[in-house]
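Undergrad: Model the full assembly from the supplied sequences, consistent with the hints where possible.
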Amino acid sequence: MALIADYLVQGCQMLLILLLAPLLTGWVRAVKARLLRRRGPSVLQPYRDLSKLLRKEVVLADSASWLFRVAPYLIFAALWVAAALVPTFASGLLFSWTADLIAIVALLGTARFFLALAGLDVGTSFGGIGSSREMMIASLAEPAMLMMVFTLSLLAGTTELSSVARFMLTAEVGLRVSLALALLALVMVAIAENARIPVDNPATHLELTMVHEAMVLEYSGRHLALIELSASLKLLLYLSLLGCIFAPWGMATAGAGPVAYLGGAAIYVAKLALGGLLLALFETSIAKMRVFRVDQFLGAALMLGLLGALLLFVSRSL
Amino acid sequence: MPAGVRFATMSLPLLLGLPMLLLAVGVYAIAAAQRPEGGRQVYGIALFACVVLLALALGHLLAGRAPTTLTLPLGLPWLGAHFRLDALAAFFLIVVNLGGAVASLFALGYGQHERAPERVLPFFPAFLAGMNLVLLADDAFTFLFAWEFMSLSSWALVMAHHQEPANARAGYLYLVMACFGTLALLLAFGLLAGPDGGYGFAAIRAGTTSPGFAALVLVLTLLGAGSKAGLVPLHVWLPLAHPAAPSHVSALMSGVMTKVAVYGFIRIVFDLLGEPALWWWGGLVLALGGITAVLGVLYALMQHDLKRLLAYHTVENIGIIFIGLGLALAFQANQMYASAALALTAALFHVLNHSLFKSLLFLGTGAVLTATGERDMERLGGLIHPMPWTALAFLIGSAAISALPPLNGFVSEWLTFQAILISPELPQWLLKFLVPAVGALLALSAALAATCFVKAFGITFLGRPRSPAAAGAVETDRYSLSALFVLAALCLLAGILPGLVVDGLAPVVSLLNGGARLMAQHDRPWLTLVPVVDVKSTYNGLLVLLFMTLSGFTAAFLIHRLASNAARRGPAWDCGFPDANPAFQYTAGSFAQPIRRVFGSIVFQARERVMMPPPGDLRPARFEVKLRDPVWERGYAPVAHAVVALSSRFNYLQYLTIRRYLSLVFGALVVLLLGMVLWR
Amino acid sequence: MHGLAFDIAHFLAGGMVVASFLLLYQDRLSALINIFALHSLVLVLAVGWQAYIQDAHHLYVTAGIALIFKAVIIPTALHRIVRQLGIHRTLEVVGGVGRDMLAGTALVALAILVMLPVTAGADALAREDLAFALAVVLLGLLLMVTRQNAVSLVVGFMSLENGLVLAAAGARGMPLAVEISIAFSVLIALIVIGVFLFRIRERFDSVDMQAMDTFREGRRK
Amino acid sequence: MSGAGFVAMTALLVVPASAALLLVLLPGYRLGARLNVGAALASLLASVALFGTRPEANLYLRVDDFNIYLIALNNLVSFTTSVFSASYIAHEMETGRLTPAYLRFYHAMYQALLFAMNLALLANNIGLLWVAIELATLITVLMVGLYRTRAALEAAWKYFILGSLGIALALFGTILVYLAAQPTMGEGLPAMAWDQLLARAAAFDPALLNLAFVFLLLGYGTKAGLVPLHAWLPDAHAEGPTPISAILSGLLLNVALYAVLRFKMLMSANPSALAPGPLMVGLGLLSLLFAGLMLYRRGDIKRLFAYSSIEHMGIITFAFGMGGPLANFAGLLHMTMHSLTKSAIFFAVGHISQVKGTQRISTIRGLTVTHPALGWGLVAGVIAIAGMPPFGVFMSEFLVVSSTFARQPLLALPLVLGLLLAFGTLLWRLNGMAFGKPDSGPAAPVQASILPMLVHLALVFVAGIWLPGPLVAWFHHVAILLG
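The listed protein sequences correspond, in order, to chains Z, P, X and R.
By the numbering used here, the letter at position 60 of the first sequence is numbered 528, and the numbering carries on one by one without gaps.
By the numbering used here, the letter at position 420 of the second sequence is numbered 506, and the numbering carries on one by one without gaps.
By the numbering used here, the letter at position 120 of the third sequence is numbered 125, and the numbering carries on one by one without gaps.
By the numbering used here, the letter at position 350 of the fourth sequence is numbered 378, and the numbering carries on one by one without gaps.
To be clear, the hints were calculated from the coordinates, so they are not data collected in a lab.
Where a beta carbon is used, it is the ideal one built from N, C-alpha and C, also for glycine.
Certain hints may be false.
[Claimed, not checked] According to the in silico footprint, chain P covers these stretches of chain R (three or more CB under 8 Å from chain P): (1) 188-196; (2) 248-260; (3) 308-322; (4) 410-424; (5) 452-463.
[As the list claims (entries may be wrong)] Examples of chain R residues lying across from chain X (beta carbon under 8 Å, computed): (6) Ala118; (7) Val159; (8) Glu162; (9) Leu166; (10) Phe200; (11) Leu207; (12) Gly216; (13) Met220.
TA: Now the structure itself:
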């Protein structure tokens with residue numbers, strides 16, 4: 469009985485993030501529009517887009533291979549699983565031990581790998597631009613992320629997120645420089661990974677500046693829908709990651725019962741809203757940078773992460 | 087259990103008999119090479135021998151038998167040739183013969199296209215035999231004998247297509263570096279054996295070496311085994327020699343022979359040398375590993391020859407393995423055996439993984455080579471259409487080597503990361519700084535590897551064909567395909583059932599680690615991988631795979647059922663200007679360009695020059711990239727120049743007149759007489 | 006008696022050293038050859054004297070061979086060669102006589118330094134003889150390396166060999182002395198024949214590298 | 029019992045000598061070649077017979093653990109070489125480089141050389157030893173000059189002068205040994221019979237022995253081609269007929285080293301004499317490094333391998349200089365292996381230079397394609413001589429290097445450096461000759477007899493894996509004597 473309940477909760481979380489993801493995207497867009505003094509589309513616009521895309525037929529390039537058709541499902545699956553493994557409203561769910569933070573980072577890598585391949589598949593120049601730039605960015609963002617993971621696991625003694633979250637609630641954390649550095653690194657990585665300004669502009673229409681969009685130029689219909697959904701899942705993943713690591717308050721523990729779960733869910737949604745707001749503010753307040761400034765941006769992130777880890781390695785012995 | 091005992095006593099002679107069989111086949115091949123069915127016979131027998139060896143070694147390892155030894159009246163007369171089968175040897179026997187079996191299977195098809203079979207068939211079994219004998223040897227002479235024999239036979243295979251000057255040069259460099267490595271190992275054994283020549287490994291284990299000598303042995307072993315494994319800066323021969331050989335041999339050299347080198351390092355440093363006396367050993371190996379990993383993958387990214395790219399990638403993976411070994415040394419030096427067990431497991435696991443996916447990738451390249459006759463990615467492309475199965479296998483291999491879950495590459499790197507994460511307990515300050523830095527290097531190399539294989543797979547198999555050869559490709563034969571998919575399946579299996587592999591490695595680890603090993607994994611719920619209990623980090627490839635397939639298929643099912651499943655073919659959109667010409671695609675060079683800008687400009691002093699002719703000038707614009715190899719320019723070229731200069735400097739001594747020669751003798755006499763006078 | 010015997014042996018051995026110095030001093034071929042004849046003559050006397058005082062009769066044979074062969078045949082043959090090669094005028098000395106003299110003295114000193122302490126065990130006679138013999142050998146070598154001409158090279162070698170025979174004779178009761186001297190005579194005969202054959206190149210420093218390159222391997226390659 | 033041994037021992041001398049006389053008289057080079065082979069075979073059988081029954085030593089000749097296998101090796105190699113030379117000479121006749129008269133002379137000299145070398149090995153008398161080696165020198169000088177080309181004559185002349193100088197120095201050393209021995213041994217033959225010398229060497233005047241050894245080392249070292257006394261060796265090898273090059277490298281150098289070692293035994297038997305080790309180590313290293321450097325610039329294939337011989341003489345001298353059971357064993361093994369391998373290489377080289385019509389390395393390419401047997405034979409030979417398994421040289425180099433490093437690390441480093449240098453330079457040359465695109469040069473039809481080469485390589489191969497017990501026993505015994 470309890471087991472079934474656990475399965476249920478786990479399923480709920482997977483569904484929840486799937487449902488929340490487009491909303492988050494819409495929320496961010498809406499806030500940005502407001503900040504730009506535009507009315508902008510409704511918060512629910514992404515849902516409409518998705519359903520429209522899903523119903524349209526797919527136009528495949530002649531040179532597209534089976535990989536091009538399989539990739540969206542793979543990407544979606546990898547991202548959904550990754551996102552579902554991040555504690556959202558409750559920690560220590562049934563399958564939370566399936567993969568730790570490193571594995572989640574690697575799952576993101578899997579998604580990216582296939583997305584980049586898909587960009588190369590049709591054999592167009594813009595796809596190539598997108599893929600190569602995406603991989604360049606990733607080759608710096610992923611190490612930075614892992615450095616942040618190091619910092620956390622050195623503090624919490626584990627790389628498993630639920631335990632990390634529980635640990636961050638305890639008093640022994642205190643206020644640490646390393647944490648601040650890690651937070652900064654994670655934010656920068658999140659910006660880069662989600663193709664947000666200043667690294668990339670999700671709303672651009674100028675191909676030469678595109679990174680993420682250039683890769684998916686050839687996609688249409690349901691494939692595009694899946695890609696879009698995966699993108700918003702990724703954004704959600706990073707925001708909930710920030711939430712569960714650096715603001716784990718109000719997170720229900722496993723088996724705390726439906727009421728606690730609901731409370732946790734409400735707090736989680738609030739966190740997401742806040743995160744989206746901050747993101748929109750940040751994006752509107754700065755300008756996009758040249759592609760070849762990105763490596764400096766992310767190099768800084770990497771160095772911050774490394775610095776945090778080093779500080780901990782050293783302070784551990786004191 | 088008498089049956090097991092009987093097996094144990096007879097297994098070693100059998101194990102030894104099979105390499106002998108392989109040697110005999112090699113001799114037979116000299117005659118059979120000309121006949122058309124000769125190839126199939128040779129490769130068939132090689133396949134058989136490897137499979138039997140594999141089975142025997144598996145039996146020995148899984149049954150956890152005690153080491154068995156055997157002495158033949160060969161080799162050094164007063165010593166004899168000692169052979170020994172213990173867990174370590176058994177594990178590496180599995181790695182070697184797995185690769186050997188698959189390569190032979192592949193060659194059953196691939197070998198038919200060989201231009202010069204008489205230069206391949208005799209040496210291929212000999213190469214396999216040499217590697218097996220290295221693993222079984224139990225005294226210094228036999229070990230080095232087999233080691234050098236292995237180098238020699240592989241050299242012959244590298245020289246198989248000697249008519250291309252590049253290959254001949256590669257072979258030359260390879261053999262010289264091999265000789266260098268052997269001499270280094272020879273010196274190491276000289277120290278271990280002592281002045282009165284106790285060359286038996288048993289005697290060496292029993293004896294003790296002074297700390298200074300032990301450190302010297304470590305350095306020499308790093309030189310000897312490292313040069314064979316491809317540690318930076320001793321790697322220069324590797325990316326030249328491995329691609330020069332026929333592809334199934336490249337697979338063996340890259341996927342398996344480098345592992346034999348790792349075996350040599352482990353055998354000497356962990357087993358023969360016993361307790362590491364000094365913590366900085368670990369630091370040294372660790373730093374070398376980190377540098378090797380990053381430099382290797384950066385080199386690889388700069389290549390557009392597919393086989394050379396793979397060879398450079400071998401360098402990277404060797405670096406990862408040595409990171410694990412270095413951590414293990416550091417832990418052992420501080421008596422942290424539980425942590426050392428984790429690091430060792432990670433390293434050995436990666437040994438197995440790399441042998442799997444690197445062989446897979448090289449064999450896939452071989453299939454591409456037979457289909458198109460091209461190794462240069464700039465002239466390939468779109469191969470996924472004519473050869474989808476090869477593409478699928480190659481894709482799995484690429485994903486595995488890029489450490490993507492749920493495949494096996496990720497598991498070993500995950501274990502390595504876990505080993506790094508429990509290392510702040512190390513007391514030495516240098517290590518405290520070194521370990522996280524190496525961790526960053528490891529993360530960097532992992533990310534770059536993904537980039538590298540997006541490039542390798544994407545440019546070779548995706549897009550549109552860049553040359554008629556690529557356009558006219560056809561799917562490869564069924565032997566090759568079966569070989570490819572055996573490896574692909576193993577990559578997946580090792581990825582989703584890592585716990586079983588870890589349990590299989592446990593005897594090896596406890597052998598090298600003073601009895602300490604990781605806890606048993608096979609009884610975990612859902613076969614979850616739990617390296618260390620108090621660190622609650624866990625990973626379960628099986629479930630990850632399960633969830634991904636589940637979610638992917640549900641999504642596909644729902645969408646196709648509820649939403650549209652219509653699809654239409656049309657020209658590529660490409661923002662409104664579809665380019666007819668395949669030359670407009672991104673090439674390997676252009677794909678790597680951002681990386682080249684970011685990293686290459688530091689490491690290789692990469693310089694890009696665009697020569698745009700003035701208006702009215704009809705010459706095409708040109709784009710040039712200049713890369714300089716720091717290791718070669720700083721390390722090797724000076725030595726070569728010095729030798730040439732010296733030999734030219736002394737060459738005049740060949741042309742003196744008799745009187746001068748007489749005065750040489752006279753001088754020698756007078757000097758010696760004076761010496762006599764003064765000596766008294 | 007013994008004192009006298011010793012003195013004479015000493016005198017003769019010393020005489021050979023002096024003769025070697027004369028050889029070093031000479032810079033004209035024909036004179037060089039004559040001096041060599043003298044050198045051999047002194048050797049004959051010395052060996053003969055040794056034969057007498059050791060009453061070792063086989064040494065008389067050695068002395069006889071030396072007399073006939075080295076004091077008579079070889080010099081005449083060399084004279085003919087010199088005349089045939091038309092190089093009987095002069096031979097230049099590499100460096101100069103003075104330097105050779107100095108070097109020679111140094112070598113003699115070296116020989117004595119090496120020898121005297123060594124043979125403390127053996128009787129004085131052997132010691133003196135040996136020291137002088139070594140000196141003669143070294144001087145012969147010096148002659149070989151300081152002269153550029155084939156003939157003088159042969160002369161140098163033969164004087165060296167005289168020193169060896171002296172040593173052999175001085176070694177009390179050394180067997181095979183005869184055989185050895187015969188063997189050496191053969192050697193020398195061959196060398197002389199060699200000089201005959203080698204009129205193609207009378208001077209060893211005149212090895213023109215141009216020609217060398219044609220049949221030896223090329224230098225620059 | 030020992031009567032048979034005595035017969036065999038005398039046969040070793042009588043057969044070649046009489047064969048030499050016969051060959052002088054015998055016209056017709058084919059018959060001569062056959063008789064040459066036959067005589068060599070006969071003396072080979074005689075040398076093998078020695079294994080069965082050993083004669084007891086007399087004042088002039090003796091057979092002991094040291095020379096018994098060297099004698100067998102000597103006659104074996106001269107037999108195989110005579111087989112090789114039969115086919116080689118035939119081709120020289122066709123190309124007209126040699127005339128029947130010269131061939132008659134050549135065959136006679138061949139047997140005479142065999143006689144001289146057997147005598148040197150069998151000699152129990154240091155004077156006799158000296159005479160034999162001088163004889164061998166003279167004969168080889170004549171054979172080196174056989175072609176009568178200007179180069180050949182010059183090489184012969186150079187060899188002659190330097191060789192006779194070495195001979196002279198060796199004689200002086202011999203006299204000194206006699207003088208050292210005379211006070212204890214009394215006058216006369218026993219004072220030169222070397223087994224009796226060895227028995228009582230402890231009582232000799234050490235200082236005199238030291239001086240003697242200096243002269244002997246320089247004298248016989250010249251014959252062994254040690255740097256800086258090596259100058260004659262490359263040219264003599266390059267310009268003479270290839271069978272003679274094989275004999276020179278394979279046997280004569282060994283004989284010279286054998287002489288040096290005999291005297292080294294005396295030294296080590298005398299406690300207060302200075303250890304000859306440092307001298308030999310120094311000369312050995314010098315030869316090794318120098319030859320390694322010179323190998324690189326060689327353009328003539330025979331001269332190349334001549335320098336490689338110098339290198340190996342260096343290694344062997346180094347090994348004996350180091351001393352100790354391991355190093356001495358290695359040195360003895362290396363002597364054997366080197367003579368077998370190097371002569372095999374020269375067999376290959378002889379035929380190669382015949383089929384290619386040149387000795388210039390730069391014009392020899394892609395042998396393994398055009399002449400697989402010769403090409404691979406050369407490859408195997410070079411691999412073997414470079415000290416790689418599965419050949420016997422590997423074992424000796426293994427022992428030398430490892431035992432040296434454990435005792436004198438600083439000495440092992442230059443040794444390893446030299447080995448690597450020589451290996452790299454030699455292989456560089458091999459790469460060009462055996463591999464690469466073959467040029468369409470003149471490929472003269474040659475009925476090459478590959479058999480001798482194969483026999484040698486097979487022997488070296490077997491030795492690399494397994495050494496027969498008696499040989500090992502002899503090596504051990506001699507190694508102990510060598511101290």
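Undergrad: Each hint should be assessed against the structure and marked as holding or not.
TA: Results of checking the hints against the structure:
1. 188-196: holds (count 4)
2. 248-260: Holds, because 5 residues of the region 248-260 of chain R bring their Cβ atoms closer than 8 Å to Cβ atoms of chain P.
3. 308-322: holds (count 3)
4. 410-424: holds (count 7)
5. 452-463: holds (count 6)
6. Ala118: Result: violated, 25 Å to nearest chain X Cβ.
7. Val159: holds, 5 Å
8. Glu162: Holds, because the Cβ-Cβ distance from Glu162 of chain R to chain X comes to roughly 6 Å (cut-off 8 Å).
9. Leu166: Since chain X brings a Cβ to about 6 Å from Leu166 of chain R, closer than 8 Å, the hint holds.
10. Phe200: holds, 6 Å
11. Leu207: Since the shortest Cβ distance to chain X is 5 Å, the answer is holds.
12. Gly216: holds, 6 Å
13. Met220: holds, 6 Å
Hint check: a violation occurs at hint 6 only; the rest are consistent with the structure.
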